[in-house]
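Last residue of the sequence shown: 303 in my numbering, with the numbers rising by one and none dropped.
There's no promise every hint is true.
[Unchecked claim] Straight-line C-alpha distance at most 20 Å; calculated PhoX-like pairs for lysine-lysine:
hint	residue 1	residue 2
1	LYS220	LYS231
2	LYS162	LYS135
3	LYS28	LYS135
4	LYS231	LYS245
5	LYS162	LYS220
6	LYS9	LYS231
7	LYS148	LYS116
8	LYS255	LYS109
9	LYS207	LYS231
10	LYS162	LYS109
11	LYS148	LYS114
12	LYS162	LYS28
13	LYS148	LYS207
14	LYS135	LYS58
15	LYS28	LYS58
16	LYS148	LYS135
17	LYS135	LYS245
18	LYS109	LYS245
19	LYS148	LYS58
Calculated from the structure, these hints are not laboratory results.
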Amino acid sequence: MAKIGFIGTGIMGKPMAQNLQKAGHSIFISTHHDAAPADLIAAGAVALANPKEVAQEAEFIIVMVPDTPQVESVLFGENGVAEGVGPNKVVIDMSSISPTATKAFAEKIKATGAAYLDAPVSGGEVGAKAATLSIMVGGCPKAFERTLPLFEAMGKNITRVGGNGDGQTAKVANQIIVALNIQAVAEALLFAARNGADPAKVREALMGGFASSKILEVHAERMIKGTFDPGFRINLHQKDLNLALQGAKELGINLPNTSNAQQVFNTCQALGGGNWDHSALIKGLEHMANFSIRDDK
7 MAKIGFIGTG
17 IMGKPMAQNL
27 QKAGHSIFIS
37 THHDAAPADL
47 IAAGAVALAN
57 PKEVAQEAEF
67 IIVMVPDTPQ
77 VESVLFGENG
87 VAEGVGPNKV
97 VIDMSSISPT
107 ATKAFAEKIK
117 ATGAAYLDAP
127 VSGGEVGAKA
137 ATLSIMVGGC
147 PKAFERTLPL
157 FEAMGKNITR
167 VGGNGDGQTA
177 KVANQIIVAL
187 NIQAVAEALL
197 FAARNGADPA
207 KVREALMGGF
217 ASSKILEVHA
227 ERMIKGTFDP
237 GFRINLHQKD
247 LNLALQGAKE
257 LGINLPNTSN
267 AQQVFNTCQA
277 LGGGNWDHSA
287 LIKGLEHMAN
297 FSIRDDK
């Protein structure tokens, strides 16, 4: 069984670490930012002072934090991971961050003798708890094969996409698709309800046809019931779409529908909804229409 450092035990990271514990692995947690979750400690996790100490103790070091600056701080800040790694260790960033920055981070970590994988995930809190995450990996095949048993304890659809940065590129592509599907479902339910149809019955009917999707199954139900506890927060999805739009600018391509979805998320943010689940995108559309499918204007 492996010795695993896990830095970032929030909504996603904590259940991922728990699934590694259930698989029999030893977990080391940094308390430089927040106290270690009591249930992880009760199950045998070891709390250490900072990422450097975690990296010194562990063979694999997993990072699961919100954004590019946090990853950079964990890896290269004072008492960071880079100060504690070396040959035979693997650093695995499972956050969703900039593909460009990822390539630079990988080179700096590889200069220590350690391997580096970018391995962002999709599936949300539900997938993290159920160990059914999709994991998109960038990095060398040897490091990927070494790490595969860990990925298998956390997810089901595990794909090595290519070299460093390619995992993050796949995740950005995923977030484009998810955002546009959420917007499509939200617009369809708003259209149906405003026309006098029962949105719950419309969802039921659409689930049996070509429009059926995981978003229609899970997120449409949240939209209808108004249950917008995250989940996956709007402000994090905005961050991912910013990566998409900035990347598109660098590549000289246009992503018009992605830009439009971001504008609706911006409306939600203006309504105070940055911490709502991303299915609450419908509230931005409802605000613009002055109509709620739940009669809760």
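Cross-check of the supplied hints:
no.	hint	verdict
1	LYS220 with LYS231	holds (17 Å)
2	LYS162 with LYS135	holds (12 Å)
3	LYS28 with LYS135	holds (12 Å)
4	LYS231 with LYS245	violated (26 Å)
5	LYS162 with LYS220	holds (16 Å)
6	LYS9 with LYS231	violated (42 Å)
7	LYS148 with LYS116	holds (14 Å)
8	LYS255 with LYS109	holds (18 Å)
9	LYS207 with LYS231	holds (13 Å)
10	LYS162 with LYS109	violated (25 Å)
11	LYS148 with LYS114	holds (18 Å)
12	LYS162 with LYS28	holds (16 Å)
13	LYS148 with LYS207	violated (50 Å)
14	LYS135 with LYS58	violated (28 Å)
15	LYS28 with LYS58	violated (25 Å)
16	LYS148 with LYS135	violated (28 Å)
17	LYS135 with LYS245	violated (23 Å)
18	LYS109 with LYS245	holds (19 Å)
19	LYS148 with LYS58	violated (24 Å)
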